[in-house]
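S.K.: Input sequences plus hints: build the corresponding full structure.
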Amino acid sequence: MKLTIWSLLIFLTPLKALAKVQSIKSVDQFYDIVDNDANYTLVKYYTTWCSHCKRLAPVYDKLSETLPRELGDDYHIEFLEVDCDKFDRALCSRLPGFPVVELVKPLRTAVNDDDSGREKEKEKDDPEPEALGLFDWVWSFWPFGSSHKKHKELDTSRIREYQGIRSTEALTSFVKTAIDYDRYNALAEQVLDNTAIKHTGSPIIEKARIYVASLGADLSSEREKVYKTLKDSTSEQDIEYARLQLHLVNKLAESQETAIHDEL
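Under mature numbering (1 follows the signal peptide of the UniProt record, and there is no 0), residues -19 to -1, 1 to 245 are what the sequence shown spells out, in order.
Keep in mind that the hints are not guaranteed to be accurate.
[Unchecked claim] Beta-carbon label-pair distances, calculated as ranges:
no., residue 1, residue 2, range
1, 195, 33, 47 to 53 angstroms
2, 66, 161, 33 to 39 angstroms
3, 215, 239, 32 to 38 angstroms
4, 30, 206, 51 to 57 angstroms
5, 210, 57, 28 to 34 angstroms
6, 195, 75, 42 to 48 angstroms
7, 236, 153, 32 to 38 angstroms
8, 57, 239, 30 to 36 angstroms
These aren't lab readings, by the way, just hints derived from the structure by calculation.
We put the CB at the ideal spot given by N, CA and C, even for glycine.
M.R.: As structure tokens, this is what we get:
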């Protein structure tokens, strides 16, 4: 077997060099990446003294290579690692221990509501920039400080903490399940949004709105019915629609329970 110079270089390249994990160097860098409108961010919080963190490191590096292929072109995900020896107070103070892996949702949830690709967006208001005080100006020279922004902690509603087995397969399943849930949840919100355009041109939205209008008060029985449909469905299209139905029923049930609680 004849080795070319390029194949030899690839063979000698460390696995870490091939990974897509970004090591956080500043608080600003962290928030610039996680506070975006489109991409999910997977964050590994670790310390140098933690043995479990050391065992997770190669798993996380491998995940950064394999997961993007699993997700395809539909979703882009950033991989970060935060050294909590350096960023304890700034980024890690809320964490109970190490290592911690969290999936952070983008600021904006967008779903196509018609065939032309028009999107419904949910976004946070951007705060007005504030002038730097003397302390902030001095702090900006510290390499692990924030150079020009004042940050709050991440909104916990955007965070899902992974609590399973630390394997590539389990982490892949966790991320894919979470992204799928967000997609169906955003679609369900669009179906139930009374302010949205009624005729979107999207067959699944129109069909789902008719379905919601036909529902009675017994949502528990309807949920069991949808579960059975989901279990028995064989086509991808039927499975997709059944999942949307399940999200709709769950959302309506939550609203129903809230209304009953308020009456009490």
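S.K.: Starting from the hint list further up, note which numbers the structure goes against and sort them upward.
M.R.: Violated hints: none; all satisfied.
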